[in-house]
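Asker: Construct the entire structure; sequences and hints are all you get.
Chains as they are written, first to last, in our numbering: chain V, 514 to 833; chain W, 8 to 316; chain Z, 16 to 353.
No wet-lab data here; the hints were simulated from the structure. Wrong hints could be hidden among the right ones.
With the C-beta cut set under 10 Å, the calculated list includes, among others, these residues of chain W facing chain Z [unchecked claim]:
1) 79
2) 257
3) 260
With the C-beta cut set under 8 Å, the calculated list includes, among others, these residues of chain W facing chain Z [to be verified]:
4) 55
5) 176
6) 224
In this text, a Cβ means the ideal position worked out from N, Cα and C, and glycines have one as well.
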Amino acid sequence: MWKFSVRRILIMIPQIILLSILIFILAKMMPGDALSGMVDPNVSPERLEELRESLGWNDPWYVQYGDWVGGVVQGDLGQSFRFKMPVSEIVGQRIINTFWLSLATLIFTYLIAIPLGITSGRYNDSLLDQAITSYTYIGFATPLFIFALVMLWVFGFMLGWFPTSGSVSPGLEPGTFEYVMSKIYHLILPAIAMALITTVNTVQYLRSEIIDTKQKDFIITARAKGASESRVYNRHILRNSLLPLAAFFGFEITGLIGGTIFVENIFGYPGMGQLFLESITLRDYSVVTAVTLLFGIAAILGALLSDIILSLVDPRIRIK
Amino acid sequence: MAFLEVEDLKVHFPIKGGIFGRTVDYVRAVDGVSLSLEKGKTYGLVGESGSGKTTTGRAIIGLNKITSGKVTFDGNDISNLKSRSEVRKDVQMIFQDPYSSLNPKKRVIDIVAEPLRNFEKLSKKEEKIRVQELLELVGLSPESILKYPHEFSGGQRQRIGIARAIALKPKLIIADEPVSALDVSVQAQVLNFMQDIQQELDLTYLFIGHDLGVIKHMCDKIGIMYKGRYVEEGTTEEIFNNPQHIYTKRLVAAIPDIDPKRRQEQTQFRQEVKTEYEQSYNDYFDDEGLAYKLQPVTDTHLVALPEKG
Amino acid sequence: MSEKLLEVKNLKTSFRIKDDYYAAVDDVSLSVNKNEVLAIVGESGCGKSALAFSIMGLHNRAKIEGNIMFKNQDIANISPAKLNKLRGNNMGMIFQDPLTALNPLMEIGDQIGEALLLHNKDLSKEKRKDKVIQLLTKVGIPRPEHVYEQFPHELSGGMRQRVVIATAIANEPELLIADEPTTALDVTIQSQILDLIKELKDDMDAGIIMITHDLGVVAEMADRVAVMYAGQIVEVSDVYTLFESPLHPYTRSLFNSVPNTAEAQSKLHVIQGIVPSLQKLPREGCRFSARIPWVEESAHEEHPELHEVSPGHFVRCTCYKHFNFPDSSKEEQQHGIS
Chain V
514 MWKFSVRRIL
524 IMIPQIILLS
534 ILIFILAKMM
544 PGDALSGMVD
554 PNVSPERLEE
564 LRESLGWNDP
574 WYVQYGDWVG
584 GVVQGDLGQS
594 FRFKMPVSEI
604 VGQRIINTFW
614 LSLATLIFTY
624 LIAIPLGITS
634 GRYNDSLLDQ
644 AITSYTYIGF
654 ATPLFIFALV
664 MLWVFGFMLG
674 WFPTSGSVSP
684 GLEPGTFEYV
694 MSKIYHLILP
704 AIAMALITTV
714 NTVQYLRSEI
724 IDTKQKDFII
734 TARAKGASES
744 RVYNRHILRN
754 SLLPLAAFFG
764 FEITGLIGGT
774 IFVENIFGYP
784 GMGQLFLESI
794 TLRDYSVVTA
804 VTLLFGIAAI
814 LGALLSDIIL
824 SLVDPRIRIK
Chain W
8 MAFLEVEDLK
18 VHFPIKGGIF
28 GRTVDYVRAV
38 DGVSLSLEKG
48 KTYGLVGESG
58 SGKTTTGRAI
68 IGLNKITSGK
78 VTFDGNDISN
88 LKSRSEVRKD
98 VQMIFQDPYS
108 SLNPKKRVID
118 IVAEPLRNFE
128 KLSKKEEKIR
138 VQELLELVGL
148 SPESILKYPH
158 EFSGGQRQRI
168 GIARAIALKP
178 KLIIADEPVS
188 ALDVSVQAQV
198 LNFMQDIQQE
208 LDLTYLFIGH
218 DLGVIKHMCD
228 KIGIMYKGRY
238 VEEGTTEEIF
248 NNPQHIYTKR
258 LVAAIPDIDP
268 KRRQEQTQFR
278 QEVKTEYEQS
288 YNDYFDDEGL
298 AYKLQPVTDT
308 HLVALPEKG
Chain Z
16 MSEKLLEVKN
26 LKTSFRIKDD
36 YYAAVDDVSL
46 SVNKNEVLAI
56 VGESGCGKSA
66 LAFSIMGLHN
76 RAKIEGNIMF
86 KNQDIANISP
96 AKLNKLRGNN
106 MGMIFQDPLT
116 ALNPLMEIGD
126 QIGEALLLHN
136 KDLSKEKRKD
146 KVIQLLTKVG
156 IPRPEHVYEQ
166 FPHELSGGMR
176 QRVVIATAIA
186 NEPELLIADE
196 PTTALDVTIQ
206 SQILDLIKEL
216 KDDMDAGIIM
226 ITHDLGVVAE
236 MADRVAVMYA
246 GQIVEVSDVY
256 TLFESPLHPY
266 TRSLFNSVPN
276 TAEAQSKLHV
286 IQGIVPSLQK
296 LPREGCRFSA
306 RIPWVEESAH
316 EEHPELHEVS
326 PGHFVRCTCY
336 KHFNFPDSSK
346 EEQQHGIS
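Answerer: Dropping the structure here:
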């Protein structure tokens with residue numbers, strides 16, 4: 514087991530290095546730098562050149578890359594030109610918000626997917642299954658940002674059931690019960706909006722897994738042992754069908770990253786996604802680079818997590 | 008020199024292990040097999056699952072990489088890829104499962120004509136005529152060229168596979184368990200047919216199988232494999248009536264007797280062989296449980312026994 | 016006279032294809048006694064597996080007509096709860112492919128233990144484990160404590176089949192149905208498994224239905240044999256009579272197409288035509304007539320019945336009286352398929 518995990522983690526290292534090089538090169542290719550627009554126009558070009566020199570911006574790319582990576586490893590993601598504060602500090606606040614939003618979305622995703630997928634798979638080709646399958650097709654076809662806007666308009670503005678922006682009501686003391694409740698309250702609508710769309714993959718996947726497992730020979734063996742229909746479902750079909758969902762977990766996380774970018778902007782939720790888009794429009798490159806790097810690492814970690822989960826639960830690939 | 012000569016063939020597959028996925032060991036799927044086929048004859052390669060019989064066949068035709076050893080066909084060394092291309096059309100293969108070895112999305116004409124398209128430049132019309140001839144030869148109606156594999160029964164599909172294999176008028180056919188997936192009456196059709204075209208086209212067969220009844224029916228000479236090595240080789244007569252190696256004896260004893268009245272004797276005989284197998288296991292296999300090198304008993308009969316002395 | 020364990024009367028199992036029902040098992044009657052092996056022989060599509068599944072009640076969406084009397088109780092259409100009390104307890108089943116018949120994600124011990132748990136809720140966990148270890152030993156698995164915790168993929172084909180058998184016999188069933196139990200196995204393993212089934216039969220005094228296409232297996236195992244073609248039994252007899260003087264044209268054709276019995280290198284007999292698919296099964300007259308076209312039509316009965324030709328030996332249709340193999344004209348044999 515540990516051998517597999519160690520090997521799997523070792524594979525991650527070149528992945529992350531490659532990712533960081535890619536992001537660094539893309540960042541360098543972006544036109545202009547922080548000095549070209551932000552500094553007093555009275556400063557002479559010679560002085561700017563001197564500044565660039567002293568900031569190390571004229572060094573060869575690999576030296577600059579080394580400096581950047583060295584900083585990143587120590588938690589120094591650079592300086593935001595917009596907020597005039599370290600990127601790590603800005604990201605630090607946002608990343609927690611995004612984490613909670615993602616977690617809530619994941620919970621809703623599985624809360625919706627598991628019962629729907631099971632019903633759909635168990636009673637396949639029934640009316641109920643057709644209704645669920647129709648929902649998944651609609652989910653596939655509906656763009657998340659439009660759906661999120663509609664949800665915001667209906668439940669936020671028209672019905673007024675949920676707050677329409679922010680991550681917490683102003684004026685509450687962090688750590689109090691009201692503060693936590695307000696946090697949760699702000700989470701629910703964006704999380705549900707996102708989950709309703711992203712869950713359709715999982716519903717379909719689970720449905721086809723169950724239909725597949727239902728036809729396996731060992732299900733007949735179970736019936737021949739005298740197991741009742743409910744036991745056949747609970748002990749044999751469900752267990753064997755839920756397992757592959759673990760492998761799906763990594764994709765789930767990648768999907769979430771894309772989702773948060775839309776949803777946070779639409780719901781005005783101060784997380785990484787919102788920060789990302791804002792920083793792009795304002796050309797706050799050091800923030801963009803940092804956020805991209807973190808998103809990339811999250812995706813790689815997601816894949817790692819599903820591999821490890823799968824190797825833990827599936828005896829066929831479990832390594833002793 | 009024999010028509011097909013295999014000398015000390017080895018096919019080893021690497022086992023990856025450790026944190027860096029290095030090769031830590033090899034699976035010795037085929038570990039020093041030598042055999043020779045006479046033209047126009049059928050050679051049976053027998054073994055249980057995991058014995059390396061299929062790998063041997065696949066290595067001869069080039070579907071598995073040869074680790075070491077030499078394969079000579081009709082005087083040409085075909086052990087490596089380069090030299091093989093010249094004789095590729097002369098050696099064809101028939102596969103075990105007629106249900107999965109034919110592409111379900113292709114029509115019969117495309118399946119059968121595929122080797123023709125690779126090796127011969129025929130016009131559409133010529134190609135169609137050739138395919139129809141081939142289908143007739145395997146006993147299928149020439150009108151069926153536009154059908155898909157699923158429209159045929161198992162035996163008919165295996166005939167399509169055979170039509171494809173003989174399209175280029177090969178000299179050697181490697182048949183990998185060609186009837187294992189078929190019912191007995193369909194099996195009879197295919198076996199009869201294979202014998203018919205053998206005479207008609209002067210074919211040589213390497214017949215890989217585990218059903219000793221079929222092997223006995225089809226083959227002139229038989230080689231018995233166990234864990235990648237030969238344990239015994241001889242004429243059909245020698246193998247079935249005078250098996251020398253304990254493994255061969257056990258294999259022959261395990262064949263169900265078609266006469267229910269001989270049940271008692273059969274059980275007793277099997278019990279004797281079993282006892283002998285257990286008692287003399289160490290005399291026939293080395294420390295790793297592998298067979299020894301073959302020693303001649305007669306001109307045609309070879310048995311894997313430890314060297315004397 | 017030994018005790019009658021199972022009696023199937025006029026069983027008809029039909030499957031729905033599009034809007035019509037087609038009978039895969041068509042008016043089959045048979046019986047099995049205690050400590051008796053009944054072999055059911057036939058080629059794929061003859062309905063032998065459908066028959067076995069009907070007896071075990073394993074068809075999900077089939078229409079079952081007729082009676083299946085198990086110890087004088089009709090189990091053809093009983094409630095699932097009642098059926099589940101019998102299945103795995105009084106009746107056990109051994110399947111063809113031991114790899115797919117086992118749950119890949121469940122430990123061997125749990126899979127066998129499940130059969131015990133379902134029919135004996137009072138058995139403590141420890142006692143259950145002891146019993147499973149006993150069963151594993153009984154079916155000849157070395158190091159049972161170790162195998163108990165293993166998963167199916169860690170075992171060889173022969174060992175897996177032993178596990179399947181251990182599951183089937185966990186509650187010492189009176190009736191054991193074996194559906195091609197050795198088809199997926201190597202020949203040396205096959206003889207071991209057959210020996211094991213024989214041993215268990217004597218041990219438990221069980222009745223066994225052995226579904227197979229292999230006449231060699233029949234010769235070794237069976238007390239009585241039923242030959243099936245196109246959903247019907249065409250011949251039933253004790254094994255010695257059947258192998259000595261098979262009567263029905265289909266039975267005789269089968270015997271002649273097996274390489275084992277034929278003289279080496281001689282031609283095998285080929286049955287003309289192909290086994291018809293379920294939708295195309297002939298429902299009228301002698302179902303085998305299309306495959307022996309040289310036999311005159313008048314030789315067949317209009318509604319072929321099973322005739323008792325000698326005590327316990329039944330043959331369907333009268334055509335057997337007029338049946339001869341065509342003299343081995345090459346034409347006939349080479350192009351079996353039209």
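Asker: Now tell me if each hint is right for this structure.
Answerer: Status of the hints after comparison with the structure:
For residue 79 (chain W), the shortest C-beta to C-beta distance to chain Z is roughly 28 Å, which exceeds 10 Å, and the interface hint is violated. Evaluation of the residue 257 (chain W) hint against chain Z yields a held restraint, the C-beta minimum of about 6 Å falling below 10 Å. Evaluation of the residue 260 (chain W) hint against chain Z yields a held restraint, the C-beta minimum of about 8 Å falling below 10 Å. A cut of 8 Å between beta carbons decides the hint on residue 55 (chain W): the least distance to chain Z is about 4 Å, and the hint holds.
Interface restraint check: residue 176 (chain W) against chain Z, minimum CB-CB distance 20 Å, threshold 8 Å, status violated. Residue-level restraint check for residue 224 (chain W) holds (minimum Cβ-Cβ distance to chain Z is 4 Å; threshold 8 Å).
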